[in-house]
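Colleague: Going down the list, the protein sequences come from chains A, B and C.
When we follow my numbering, the leftmost residue of the first sequence carries the number 32, and every step to the right adds one.
When we follow my numbering, the leftmost residue of the second sequence carries the number 6, and every step to the right adds one.
When we follow my numbering, the leftmost residue of the third sequence carries the number 3, and every step to the right adds one.
Be careful, since some hints might not be right.
[What the hints assert, rightly or not] Label pairs and their calculated CB-CB ranges: (1) R594(A) x D552(B): 26 to 32 Å; (2) R377(B) x K286(A): 48 to 54 Å; (3) E112(A) x A611(B): 45 to 51 Å; (4) P84(C) x E587(A): 38 to 44 Å; (5) R594(A) x R377(B): 37 to 43 Å.
[Claimed, not checked] Cross-link-like lysine-lysine pairs, in silico, DSBU-like; alpha carbons within 35 Å at most: (6) K408(A) x K605(B); (7) K177(B) x K274(B); (8) K605(B) x K142(A); (9) K520(B) x K231(A); (10) K142(A) x K602(B); (11) K520(B) x K408(A); (12) K36(C) x K408(A); (13) K36(C) x K384(A); (14) K36(C) x K231(A); (15) K387(A) x K365(B); (16) K634(B) x K384(A); (17) K634(B) x K40(B); (18) K100(A) x K605(B); (19) K274(B) x K142(A); (20) K182(A) x K602(B); (21) K387(A) x K426(B); (22) K408(A) x K168(B); (23) K365(B) x K695(B); (24) K424(B) x K231(A); (25) K408(A) x K40(B); (26) K365(B) x K286(A); (27) K231(A) x K365(B); (28) K168(B) x K536(A); (29) K231(A) x K695(B); (30) K231(A) x K426(B); (31) K536(A) x K154(B); (32) K646(B) x K142(A); (33) K384(A) x K365(B); (34) K100(A) x K602(B); (35) K605(B) x K182(A); (36) K384(A) x K424(B); (37) K274(B) x K231(A); (38) K520(B) x K646(B); (39) K408(A) x K286(A); (40) K231(A) x K40(B).
Hints are computed from structural coordinates only; laboratory data are not their basis.
Here a beta-carbon is modelled for each residue, glycine too, at the ideal position from N, C-alpha and C.
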Amino acid sequence: MDPITFSIIRHRLYRVIDEAVITLKHVSGSAITNEGHDLMVSLYRADGSLLMGGVGFLHHLTSAAEACKSIIRRFEGRIDEGDVFLTNCPYTAALHTSDVYLVAPIHYDGKLVAWSACFVHVYDIGAMVPGGFSPDSRDIFTEGFSSPGLKLVEQGEMNHDIMDTLLNMVRAPEMVALDLSSMIASNNVARERMVALVHKYGPEAVDQACQMLVDQSEESFRERLRELPDGRWESRQYFDIEDETYRVLLAMTKKDDTLTFDFTGSSEQSKYGINCAYWAAWGGFFAPLFPLLCYDITWNDGVLRPISMIAPEGTIVNCTRPAPISLATVGAIQSVNNAACICISKMLSASEKYAKEATAVWHGSHFAIFMFGQNQKGQEAIGIMTETFGGAGGGRSFADGVDVGGEIPNPIGRMANVETTENHFPVRYLFRRATIDSGGPGKYRGGTGLEYAIQQHDSPDGGIHYVVSGKGTKFSMSDGLGGGYPGAPCNYRWVHNNEAAAEGKNVNPFATSTEQMTGEQESVSWGVYPLMDQDVLYVRSDGGGGYGDPLAREPERLARDVRHGSVSAGVARRVYGVVLDAAGEVDTAASEAAREAIRAARLSQAAAE
Amino acid sequence: MGNSASQSYVVATDVGGTCTDTIVFSPGEPLYLGKALSTPPNFAEGVMNSIRSAADTMGLSFAELFARTSLFVHGSTVVDNTLLTRDGARTGLLTTEGFEDTLLITRGAYGRWGGLSEDGIKHPVATDRAEPLVPGERIQGLPERVDYKGAILRALDVEATEKAVRHLVEDKGVEALAVCLLWSFYNTAHERAVRDVIERVAPGTYVSLSSDIAPVPGEYERTSTTVINAYAGNIAAAYLNNLQELLTAEGYSGPLLVMQGYGGLLPAKEAAGRAVGMIECGPAAGVIGSRYLGHVMDDGDVIAADMGGTTFKVGVIQGGEFDYAREPMVDRFHYVAPKIEVISIGAGGGSIISLDPRTKVPSVGPRSAGARPGPICYGQGGEEPTLTDVMILVGYMNPENFLGGSITLDIERARTIFKEKIADPLGLGVEEAAIGIYRIAAAQITDLIHEITVERGLDPRDFVLHAFGGSCPLVCGIFGAELNVKRIVIPYTASVNCAFGLVSADIVHEYSVTKTLPVPSAAEEINAIYAPMLENAQAQLAAEGFDESGTAFDWSIDLRYGRQVHEVTTPVRGETPVSEESLAALVDDFEALYERKYGKGSAYRAAGMEMTMFRLTARGLMKRPEIEKLALGGKDASAAKTGRRPIFVEAAGELVESDIYDFERLTPGNEITGPAVIHTPITTIVLQDKQTGHLDEYRNMVIHFT
Amino acid sequence: MSARISASLVVNDSGEIACMSCGHALGPSGQPWKNAATLSETPLQGAAGEPYSNAANVLLRKFYCPSCATLLDSESALEEDPFLNDVVHI
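Chain A extracted, bound-state conformation:
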């Protein structure tokens, strides 16, 4: 196929996905979809292999391929033009029940030519807890509606029995109906545009272009792998749930033009729903792989071909049914992301040419806090606190991590304005800011993470409830790179102001820091909690991992950090060995002495340990 036609068809394929994403966001109108961008739309070949992955939540690109393939297997002979299939079973392909896949075949002239697939995190899925993250579930049976594959729309006609049954099982069915409508509309647009494209260029030409796209991606990716040295790199992620500690171990081996991700040694599956299933682990490491290794290559099956995975059954990265799994996307999958980010970055760091593509971990914990209750307008409100999409960038070989700079698996997420949240939920923010000293120290430090505090405001029931499924409090999940320290861990606190008030203590309703709060501060991390009256929920998100030796950081940068409030003078001195004078300028002599002393201590103190 000539490169000109190929260029045009490729460009138009991108537009097909763009339009489908826009449709998804337009029809959905929900905050998690439009602000958090917790969605994905991608195109697949007739056999279900990934043709073109869009920039949504990146874990899903490959698991949706498996969703297509599982639908192809299950419905063989019964796949017709105008059908739309649904699957959200995590033991089939979905990541957890809340992330519902709608998968639709695209036919031209009666022949199956492609598939489109999309997902959103639906408003509710009928699990034990509103919003879909159920810390108390001990098996999949309490995690809501789950289907290994059903035909929701049959040749253009909605199957109302199925729709009614699904909606019968969820809270806020009208919102879930809208989520599903948005996905149907998105698939419709993808189908229309794809059919128009095939009509214009002919099925053979489009098929040829698609094949070229996949082959080119494979060739380009293999070529890049061959440019990188062979090796084996290890990474280890800890995370904490209540009293349990879990490990995700990863050994990534690159040989010639192949890459293997081996999770052997990872913890046994958990009684908590932080496990993930096979296809979720598979999708999980592509989230850093695509942007770190394939930033200039089309994300499709060609990229998958050089990759293999080993994930022992019965571990948290390949749990067996009926293990609970509703928190996979903030649990094991995140650890898979982070571990892969480090291994890939270590490999990139072993190359002069590609060292600049390496990064420490961004917002390793990706925790989720959902709120639910009656809002100030008397409506039932359920929703995620979008601050988790604020994130924190990891340090790089040439620059700091971006403060509150997002996360790798979610390229275009953002958090809601304070005013937006205060308008939909009966809460008032006391503050929201970047947290000083949260970025992992390094030559290039990790980006700072966010901290905020809310209390109830104008709630008809005296308050609301929130679901915390946050890990990363006891361990930092934002690993550093090349010596860089990990970013600071998360922290969630229930500030018991009500109790303090009952004891006659003065409670400051406009505290701008936890120091100014009177109530006892209880660390929480897992479960459903009330937020009533004057009590405050304080959340401190994790920082990004640092890059390189803190003693190598240019002193001038610390002066700027301290001026901007990203690093405290104390940490500047103690960890970075940079001393500032009264005017906040670098005291060169004192800094040199401080760094000398730290170096000496490094060698002697360590010898003493």
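On the provided structure of chain A, position chains B and C as indicated by the hints.
Modeller: Chains B and C only, in chain A's frame:
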């Protein structure tokens, strides 16, 4: 206003990135055009040069021209330029205590990926936020708090405010202050009190309040907007004052009106206080000009396309209305001033053609060779093939007669370099490769226009395409055909389209009140919201010299479905103040608009509806230019034919010998059957097969599909 | 000519892994090197600023060059867990 009984000129000058264009019009006379190079950072110089150039064509001196000028209308990139060069005031920011980081953390990654192409977004490790206009040490939080209802939870601590202001102005040398407090658009009291403090404690500091500049919900975008306004405020004000003085010195004593990004004019005094309003006023003027031309030609549905040296921009007019941009950005900053929606891609005459080193797949742009060194064929040292070089290789440009003969194009040099860098690596002949690149550019443009039409629920087949800019008429025959538009119009004023837009605009004041009301709500309640806005608007327009018959007031209301994020600004049809009937019609219109924009099945009624913003657009109606209507003569265009040469014809897939024409020798009524090329002093028009060009009575070239 | 194998290490002409800053050799290429580095193992809690104060019993292992004290690598670890070992084949 003017002292000549016989002539009363309106002079309009638009400062663009490269050129400053002028139009002078007066009833009964042809439009006079002037052009000069823009002169950043002192744009006023280019303005005067441009006006002089127009005066020269009129055979008048400055003094003579200005003595007869009743109105001067102006659009300028001065604010865009200030942001681009980071040349604004030393600015400080006052926020609600506890939220000082709002501007800096940009809602998370939003400021990091905002404005990036998909290629940039896929490569996060290589991305960063732009340096903020106000660094952290010039931000101070104030003890105060208002809630979502506008209720004051914590009164403003005036003493702390004084301290904060003194610290910023005295210790940090701040010259301009932006003030943005939470929920201030519902309760402006605290922000006004802060301004009082600043005026008392640090008089002379330029102040922008978010409740004045952008009284809409969403504290990040509101803060960013207010900061931009404070940052560029003094520069905009100084620029306009300086311009006013220069004009006065040359004998002009009339008003100075300034174009805003929403397509309306404001008197200079007001524009000077709203620097943020001037952002992207050029493209806005282009759309306004297009709308007016469409109106003259009886076309209410227009796709306005402008292809210059670097970018291809497109805006859409539907039924005489246009959309406002949804998440506007300037450079890499978000802001919330109303701005006419214009989308763009990096595809212009100077766009550089490149091949992916690995796959050899060609791309057009986004990098541009600009005007310097420019395309290879300009002979100014350009070494990289551009779209203009491709145009010359496919036979569209006349090497000897470019820009009226002022430049001779070096076709051989373009051919040699293009062969080496593009054709040979692709394994194609020069012509074949050039044709391919041309087609890629046309396809990218088609896709862009598709985005602003089909994706918004509009069908290009219902639209007329207006083609502006130096490069557009070379390509519009292809993409216009592919989109199946009704016809294409290449306006006579294409070269000065933005200036033309200036003279087609009204004075427009936008007012709004943010308030959430359920649907249905009583008509009286809504009318009560509009009453003070109307009073202000009427007073404002009266002070500007308009009597009632010269004004128009348009109401529109933002509605949304309960718990959905998308809002649609819905015009109120029929009489105002509203009644129960007109409100019912409003709801119907909203639903239709919503479905059109957001797709079938997206309208979700069960969650109910709310009204969230009440807008008033107050116009002071300006006289429109009459475009000179010439007599239509015969169809025979042979007098304008200058010869034949091979040109690329899409239907043939290769170069075919075709007729070449000189625009200057055409007369209204002439018809040219494609394929053909028409050279004009400022551009080249390409007619494809099955296209007929018809010079209408306004000397627009109208292309029909046959 | 030395070839980099990480952000802080190279393989020198003699085929040894060496500190990128000072050239101190740490062992043969293709073998784990951390045992040859100077190790400091301290609780993550207290390793840096206040936000680290709620870290649990996890340690921050820091591997220094025994010669110039440059921090070559770090890892989070529970006491009982082995070093993470990276092997690059040049």
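Colleague: Each of the hints needs a verdict: does it hold here or not?
Modeller: Structure-based check of each hint:
The supplied range of 26 to 32 Å is broken by R594(A) and D552(B), whose beta-carbon atoms lie about 57 Å from each other. Look at R377(B) against K286(A): about 50 Å separates their beta carbons, and that is inside 48 to 54 Å. At about 30 Å, the beta-carbon gap between E112(A) and A611(B) misses the expected band of 45 to 51 Å. Between P84(C) and E587(A), the C-beta spacing of about 39 Å keeps the proposed range 38 to 44 Å intact.
For R594(A) and R377(B), the Cβ-Cβ distance of about 40 Å falls inside the hinted range of 37 to 43 Å, so the restraint holds. Distance check on the hinted pair: K408(A) and K605(B) sit about 28 Å apart at the alpha-carbon level, within 35 Å; holds. Under the criterion of a C-alpha separation no larger than 35 Å, the hint pairing K177(B) with K274(B) is consistent with the structure, at around 29 Å. The hinted pair formed by K605(B) and K142(A) meets the criterion: a straight-line CA distance of about 26 Å does not exceed 35 Å.
Only pairs whose Cα atoms come within 35 Å are accepted, and K520(B) paired with K231(A) is rejected, the gap being roughly 48 Å. About 31 Å separates the Cα atoms of K142(A) and K602(B), which keeps this hinted pair within 35 Å; it holds. Our distance criterion of 35 Å between C-alpha atoms is met by K520(B) and K408(A), whose separation comes to about 14 Å. Taken as a hint, the K36(C) and K408(A) pair is broken in the structure, with Cα atoms around 60 Å apart against an allowance of 35 Å.
Our distance criterion of 35 Å between C-alpha atoms is met by K36(C) and K384(A), whose separation comes to about 25 Å. Annotation: proposed proximity of K36(C) to K231(A) is violated, straight-line Cα distance about 61 Å (limit 35 Å). Of the supplied pair hints, the one linking K387(A) and K365(B) holds, its CA atoms being roughly 24 Å apart against a limit of 35 Å. The straight-line distance between the Cα atoms of K634(B) and K384(A) is roughly 65 Å, outside the 35 Å bound, and the hint therefore fails.
For a cut-off of 35 Å, the pair hint linking K634(B) to K40(B) stands: about 23 Å separates their Cα positions. Among the hinted pairs, K100(A) with K605(B) is consistent with the structure: their alpha-carbon atoms are about 29 Å apart, no more than 35 Å. Distance check on the hinted pair: K274(B) and K142(A) sit about 66 Å apart at the alpha-carbon level, beyond 35 Å; violated. Only pairs whose Cα atoms come within 35 Å are accepted, and K182(A) paired with K602(B) is accepted, the gap being roughly 28 Å.
Of the supplied pair hints, the one linking K387(A) and K426(B) holds, its CA atoms being roughly 28 Å apart against a limit of 35 Å. Pair hint K408(A) plus K168(B) does not hold up; C-alpha atoms about 39 Å apart against a cutoff of 35 Å. Proximity of K365(B) to K695(B) is assessed by CA-CA distance (about 34 Å); at most 35 Å being required, the pair is judged to hold. The straight-line distance between the Cα atoms of K424(B) and K231(A) is roughly 30 Å, inside the 35 Å bound, and the hint therefore holds.
As the CA atoms of K408(A) and K40(B) are separated by approximately 58 Å, the hinted pair breaks the 35 Å bound. The straight-line distance between the Cα atoms of K365(B) and K286(A) is roughly 27 Å, inside the 35 Å bound, and the hint therefore holds. With a C-alpha separation of about 24 Å, the suggested pairing of K231(A) with K365(B) holds against the 35 Å cut-off. Between the alpha carbons of K168(B) and K536(A) the distance comes to roughly 30 Å, so the proposed pair stays at or under 35 Å and holds.
Taken as a hint, the K231(A) and K695(B) pair is honoured in the structure, with Cα atoms around 19 Å apart against an allowance of 35 Å. Only pairs whose Cα atoms come within 35 Å are accepted, and K231(A) paired with K426(B) is accepted, the gap being roughly 30 Å. For the proposed pair K536(A) and K154(B), the alpha carbon gap of about 29 Å is at most 35 Å, so the pair holds. Between K646(B) and K142(A) the CA atoms are separated by roughly 52 Å; this puts the pair beyond 35 Å, and the hint is violated.
As the CA atoms of K384(A) and K365(B) are separated by approximately 21 Å, the hinted pair is consistent with the 35 Å bound. About 33 Å separates the Cα atoms of K100(A) and K602(B), which keeps this hinted pair within 35 Å; it holds. The suggested pairing of K605(B) with K182(A) holds, with an alpha-carbon distance near 21 Å, which does not exceed 35 Å. Pair hint K384(A) plus K424(B) holds up; C-alpha atoms about 30 Å apart against a cutoff of 35 Å.
A distance of roughly 54 Å separates the Cα atoms of K274(B) and K231(A); the hinted pair therefore is violated under the 35 Å criterion. For the hint pairing K520(B) with K646(B), the CA-to-CA distance comes to about 63 Å; that exceeds 35 Å, so the pair is violated. Distance hint between K408(A) and K286(A) is unfulfilled; the C-alpha atoms sit about 60 Å from each other, more than 35 Å. Proposed proximity of K231(A) and K40(B) is contradicted: the alpha carbons are some 43 Å apart, above 35 Å.
Violated hints, in rising order: 1, 3, 9, 12, 14, 16, 19, 22, 25, 32, 37, 38, 39 and 40; the structure is consistent with all others.
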